[in-house]
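S.K.: Sequence:
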Amino acid sequence: MLIIIRNVLFLFLFLSISYKSFSSEVLLTKTATNITQATEASTSIEAAPGDVVEYNLYVLNDTKNVISNIQISASVPQFTVSAMVIDCNTSSLPSALSCQVMTPNGINRSGYQGLVTWKLLGNLNVGEIAKVSYQVIIK
1 MLIIIRNVLF
11 LFLFLSISYK
21 SFSSEVLLTK
31 TATNITQATE
41 ASTSIEAAPG
51 DVVEYNLYVL
61 NDTKNVISNI
71 QISASVPQFT
81 VSAMVIDCNT
91 SSLPSALSCQ
101 VMTPNGINRS
111 GYQGLVTWKL
121 LGNLNVGEIA
131 KVSYQVIIK
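The sequence shown maps to residues 1 to 139 in full-length UniProt numbering.
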């Protein structure tokens with residue numbers, strides 16, 4: 001994920017999954033949409049101070065096995081703050097998964113800046129996609 005903010009290029013992406021036979025067939029995709037400018041979702045966008053950007057992170061289980069213990073980590077980067085409390089939109093998750101949002105210091109509120117981890121509990125079946133998202137405001 002490449003984002004240009006104030007002429008600084010940022011790259012964000014972390015994924016931790018454990019199951020019996022790890023392979024590269026677990027795919028993580030991250031897109032961003034500039035909500036303020038009503039742009040299309042893309043892997044690279046431009047944003048100006050005051051713009052709201054939504055990040056969507058997708059995990060596709062393209063393996064031959066059910067996977068579990070999925071943790072997706074992303075950051076609310078420098079020059080941005082969270083636009084709202086970051087939560088788990090369960091309508092974007094398969095029914096076999098539930099979700100917990102964690103931050104290193106336990107703080108999760110509008111204006112937060114730092115690492116965010118979504119812990120997906122349960123199983124992601126073969127061919128299924130799990131999606132988490134969050135919005136930031138550009139400072």
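Rather than coming from a laboratory, the hints here were simulated on the basis of the structure.
Quantities reported herein were computed from a predicted structural model and do not represent experimental measurements.
There may be inaccurate statements among the hints.
[Stated by the list, open to error] Derived DSS-like pairs (lysine-lysine); straight-line CA-CA distance at most 27 Å:
hint: 1; residue 1: K119; residue 2: K131
hint: 2; residue 1: K139; residue 2: K64
hint: 3; residue 1: K64; residue 2: K119
S.K.: Compare the structure with the hints numbered earlier in the document and write down the numbers of the violated ones, lowest to highest.
M.R.: Going through the list in order, the structure violates hint 2 alone and respects the others.
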